[in-house]
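Participant: Sequences and hints are given; from them, build the entire structure.
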Amino acid sequence: MKTKFNTALIAFAVLCFSLAAQADFGLGLIIGSPTGISAKLSQGRDNAFDAAMAWDLGGDHFHIHADYLWLKNAGVRLDKVALDWYFGIGGRLVLLDNDNRRRDDDDYRLGVRAPIGIGYTFKDPRIEVFGELALILNLIESTSIDIDGGIGARFHF
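All residue numbers for the sequence shown refer to the working numbering, where the first residue is 125 and numbers rise by one.
Since the hints were made in silico from the structure, they are not lab data. Quantities reported herein were computed from a predicted structural model and do not represent experimental measurements. Glycine residues also receive a C-beta, built at the ideal position from the N, C-alpha and C atoms. It is possible that some hints are incorrect.
As the list claims (entries may be wrong) - Label pairs and their calculated CB-CB ranges:
| no. | residue 1 | residue 2 | range |
| --- | --- | --- | --- |
| 1 | 246 | 194 | 21 to 27 Å |
| 2 | 201 | 267 | 38 to 44 Å |
| 3 | 196 | 250 | 15 to 21 Å |
| 4 | 251 | 167 | 16 to 22 Å |
| 5 | 207 | 232 | 34 to 40 Å |
| 6 | 199 | 231 | 40 to 46 Å |
| 7 | 171 | 273 | 19 to 25 Å |
| 8 | 250 | 192 | 18 to 24 Å |
| 9 | 215 | 247 | 28 to 34 Å |
| 10 | 148 | 263 | 27 to 33 Å |
| 11 | 207 | 155 | 16 to 22 Å |
| 12 | 197 | 231 | 37 to 43 Å |
Facilitator: Next up, the structure:
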């Protein structure tokens, strides 16, 4: 599992550093299920990409997800800045380490992810706080349904 983790970590770091050169890129933390690093790349006012690389603290599960988001104004303003809600579609990969004393004891889950959340971005410094829930339909290695959720913050460059 360490080789898979190291490969995923390097790929996520390269992606984040290449996206950081873009106009509105945010990087921060998400806490919940899963807990780890969260990134967001805005595509104008109405759309964004987000991704996370994290651990599920309830077990030995490494988690990677990426989503395309549609951002909507919630109609609520705080300090003259609108509170936004969002929904999206994406994918999730979970690497499980099921230590059953066999050499090949790593399993994985690959599925479709549908998040819904709410967020607020402070003006100065540009820090976004957010909370989200996501419904996941696992398709590979077996079919099942999961729910992820968390709160987090990202600093926008």
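Participant: In this structure, is the beta-carbon distance linking residue 171 and residue 273 contained in 19 to 25 Å?
Facilitator: This hint holds: roughly 22 Å between Cβ atoms.
Participant: Honestly, do residue 197 and residue 231 meet the 37 to 43 Å range at C-beta?
Facilitator: Given a distance of about 41 Å, which is inside 37 to 43 Å, the answer is holds.
Participant: Is it true that the C-beta distance of residue 196 to residue 250 lies inside 15 to 21 Å, as the hint says?
Facilitator: About 20 Å separates the Cβ atoms of residue 196 and residue 250, which means 15 to 21 Å holds.
Participant: When you take the CB atoms of residue 207 and residue 232, is the distance between them in 34 to 40 Å?
Facilitator: 36 Å, holds
Participant: Given the hint of 40 to 46 Å, check if residue 199 and residue 231 actually sit that far apart at their C-beta atoms.
Facilitator: 44 Å, holds
Participant: Is the gap between the beta carbons of residue 207 and residue 155 within 16 to 22 Å?
Facilitator: For residue 207 and residue 155 the Cβ distance comes to about 20 Å; the hint holds.
Participant: Return holds or violated for the Cβ distance of residue 215 and residue 247 against the range 28 to 34 Å.
Facilitator: Given about 33 Å between the Cβ atoms, the range holds.
Participant: Does the Cβ distance between residue 201 and residue 267 fall inside 38 to 44 Å?
Facilitator: 43 Å, holds
Participant: Regarding residue 250 and residue 192, is the given constraint of 18 to 24 Å on their beta-carbon distance met?
Facilitator: 22 Å, holds
Participant: Holds or violated: the 16 to 22 Å window for the beta-carbon distance between residue 251 and residue 167?
Facilitator: The hint (16 to 22 Å, Cβ to Cβ) holds, given that residue 251 and residue 167 are roughly 20 Å apart.
Participant: May I ask you to test the hint 27 to 33 Å on the CB atoms belonging to residue 148 and residue 263?
Facilitator: 32 Å, holds
Participant: Hint says 21 to 27 Å; check whether the CB-CB distance for residue 246 and residue 194 agrees.
Facilitator: Since the Cβ atoms of residue 246 and residue 194 sit about 22 Å apart, the hinted range of 21 to 27 Å holds.
Violated hints for the displayed structure: none, as all numbered hints are satisfied.
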